[in-house]
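Using numbering that gives the first Met the number 0, you'd call the opening residue of the sequence shown number 0 and step up by one each time.
Just so you know, the hints here were simulated from the structure itself, not pulled from any lab data. Note that CB positions come from ideal geometry on N, CA and C, so glycine has one too. Possibly wrong hints are sitting among the right ones.
[Claimed, not checked] Ranges of calculated distance between the beta carbons of each label pair, as one might list FRET restraints:
(1) GLU255 / GLN104: 15 to 25 Å
(2) PRO177 / LYS69: 28 to 38 Å
(3) ASN179 / LYS263: 37 to 47 Å
(4) GLY135 / ASP172: 35 to 45 Å
[Unchecked claim] For lysine-lysine, the following DSBU-like pairs were computed, each having C-alpha atoms within a straight-line distance of at most 35 Å:
(5) LYS127 / LYS61
(6) LYS37 / LYS257
(7) LYS37 / LYS127
(8) LYS265 / LYS124
(9) LYS61 / LYS168
(10) LYS69 / LYS163
(11) LYS163 / LYS102
(12) LYS79 / LYS178
(13) LYS263 / LYS124
(14) LYS61 / LYS124
(15) LYS178 / LYS56
(16) LYS168 / LYS257
(17) LYS163 / LYS79
(18) LYS127 / LYS107
(19) LYS125 / LYS102
(20) LYS37 / LYS249
(21) LYS102 / LYS243
(22) LYS170 / LYS79
(23) LYS249 / LYS263
(24) LYS56 / LYS245
(25) LYS37 / LYS168
(26) LYS107 / LYS125
(27) LYS133 / LYS252
(28) LYS161 / LYS178
(29) LYS107 / LYS170
(30) LYS56 / LYS107
(31) LYS265 / LYS79
(32) LYS107 / LYS133
(33) LYS107 / LYS263
(34) LYS102 / LYS133
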Amino acid sequence: MYKSLGVILVGALLTFSGCSGDKKVEDKTTVKEDKSAKTIIVGATPVPHSEILEIVKPLLAKEGYTLEIKVFNDYVIPNKVTDSGEIDANFFQHTPYLVEFNKNQGTKLVSVANIHIEPIGIYSKKIKSLSELKDGDSVAIPNDPSNGGRALDVLASAGLIKLKNVELKTKLDIVENPKNLTFTELEAAQLPRVIEDFTLAVINTNYALPAGLNPSSDALALESANSPYANILVVKAGNENSNKTKALLKAVKSDEVKKFIVEKYKGAIVPAF
């Protein structure tokens, strides 16, 4: 009898222990799910995007969210991982680039807000004015379709070339080139590093700033303030109205962020909201 009672007690203890273990597993899973629901992961290029997002962090914290910033140094991976769901949003590009990316890559990404404008500029380490350009001088421009066309538009506005009236311009659309300038297309991120190899380099502001180039003081010519190339906050289609997106939008489009952009970049970057 005592032996049977002992077996019953041991069985009861094992059963209780098993239930307790299941409860711990369930608790850990719940905590993990809660943390994921309250963590917003945003991909961004270093300057100014990640700097702006740092200002967003405490604003989201007040709403109960943790902002995790993933820094990328290219324009492809952040879109890929947003589309795959590895991150919640990205902040580095403008609408023409996004449209072309979706078309070529089959991604389903959408813009949810215009945040700021970064005027693309013409820079040089060899001349101090565009009037110093000589016949046959070299020019480096971004190799992606949207920024390459944008660079050519800036060169045209500066009176250096004339272009066909087409939507996405390439160097093949140059119809007048009085200085016989030669054009080389390179990855946008490389341009600040090779600026000394060319007479001119047309560089996006988010790559110019980390290289110590200030658009307002160093550019020989700048894109117009009327530029349609506002930098945007991007999410995967279907996530436009998620709680995370709503919280992120509220924080990014706050007065605190607008003030930071104005005071930090002193006209090199302009708020677009």
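Hints versus structure:
no.: 1; hint: GLU255 / GLN104: 15 to 25 Å; in the structure: violated (34 Å)
no.: 2; hint: PRO177 / LYS69: 28 to 38 Å; in the structure: violated (45 Å)
no.: 3; hint: ASN179 / LYS263: 37 to 47 Å; in the structure: holds (40 Å)
no.: 4; hint: GLY135 / ASP172: 35 to 45 Å; in the structure: violated (20 Å)
no.: 5; hint: LYS127 / LYS61; in the structure: violated (48 Å)
no.: 6; hint: LYS37 / LYS257; in the structure: holds (24 Å)
no.: 7; hint: LYS37 / LYS127; in the structure: violated (50 Å)
no.: 8; hint: LYS265 / LYS124; in the structure: holds (23 Å)
no.: 9; hint: LYS61 / LYS168; in the structure: violated (45 Å)
no.: 10; hint: LYS69 / LYS163; in the structure: violated (39 Å)
no.: 11; hint: LYS163 / LYS102; in the structure: holds (23 Å)
no.: 12; hint: LYS79 / LYS178; in the structure: violated (40 Å)
no.: 13; hint: LYS263 / LYS124; in the structure: holds (25 Å)
no.: 14; hint: LYS61 / LYS124; in the structure: violated (46 Å)
no.: 15; hint: LYS178 / LYS56; in the structure: violated (49 Å)
no.: 16; hint: LYS168 / LYS257; in the structure: holds (32 Å)
no.: 17; hint: LYS163 / LYS79; in the structure: holds (32 Å)
no.: 18; hint: LYS127 / LYS107; in the structure: violated (43 Å)
no.: 19; hint: LYS125 / LYS102; in the structure: violated (38 Å)
no.: 20; hint: LYS37 / LYS249; in the structure: holds (15 Å)
no.: 21; hint: LYS102 / LYS243; in the structure: holds (26 Å)
no.: 22; hint: LYS170 / LYS79; in the structure: holds (28 Å)
no.: 23; hint: LYS249 / LYS263; in the structure: holds (21 Å)
no.: 24; hint: LYS56 / LYS245; in the structure: holds (15 Å)
no.: 25; hint: LYS37 / LYS168; in the structure: violated (43 Å)
no.: 26; hint: LYS107 / LYS125; in the structure: violated (43 Å)
no.: 27; hint: LYS133 / LYS252; in the structure: violated (45 Å)
no.: 28; hint: LYS161 / LYS178; in the structure: holds (11 Å)
no.: 29; hint: LYS107 / LYS170; in the structure: holds (29 Å)
no.: 30; hint: LYS56 / LYS107; in the structure: holds (27 Å)
no.: 31; hint: LYS265 / LYS79; in the structure: holds (32 Å)
no.: 32; hint: LYS107 / LYS133; in the structure: violated (45 Å)
no.: 33; hint: LYS107 / LYS263; in the structure: holds (33 Å)
no.: 34; hint: LYS102 / LYS133; in the structure: violated (39 Å)
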